[in-house]
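Participant: Sequence:
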Amino acid sequence: MKEFFKRLLIVFGHIVGAILAVVLLIGVTVLVINENPIIMFVIKWIIGVPVGIIISISLIGFVYW
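The sequence shown lines up with residues 1 to 65 when you count with this note's numbering.
Simulated from the structure, these hints should not be mistaken for lab results. Warning: the hint list may mix true and false statements.
Claimed, not checked - Pair by pair, the computed Cβ-Cβ distance ranges are:
1. Lys44 / Arg7: 27 to 33 Å
2. Trp45 / Lys2: 18 to 24 Å
3. Lys44 / Lys6: 40 to 46 Å
4. Leu25 / Met1: 23 to 29 Å
5. Gly27 / Ile53: 17 to 23 Å
6. Ile46 / Met1: 25 to 31 Å
7. Glu3 / Lys44: 17 to 23 Å
8. Ile39 / Phe5: 15 to 21 Å
9. Phe4 / Lys44: 32 to 38 Å
10. Leu8 / Phe41: 19 to 25 Å
11. Val30 / Glu3: 37 to 43 Å
It should be emphasised that the depicted structure is a prediction, and the values quoted were computed from it without experimental measurement. Every residue, glycine too, gets a C-beta built ideally from N, C-alpha and C.
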């Protein structure tokens, strides 16, 4: 049971870390580039896709651990 909670904590840490990274990057981006939809779209993909992959890997790793 203790192992389960340790794994849960690691996965939770990954997800929280990923979300914080996204929030920080989007916050900085919004400050730097106020209104440019093309750049925002590109950045959304550059940030969104890797974070999605990180979260997926964390969850898959947790399930198969």
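Participant: For each hint given before, does the structure comply? Return the numbers of the non-compliant ones in rising order.
Facilitator: Structure breaks hints 2, 3, 4, 6, 7, 8 and 10.
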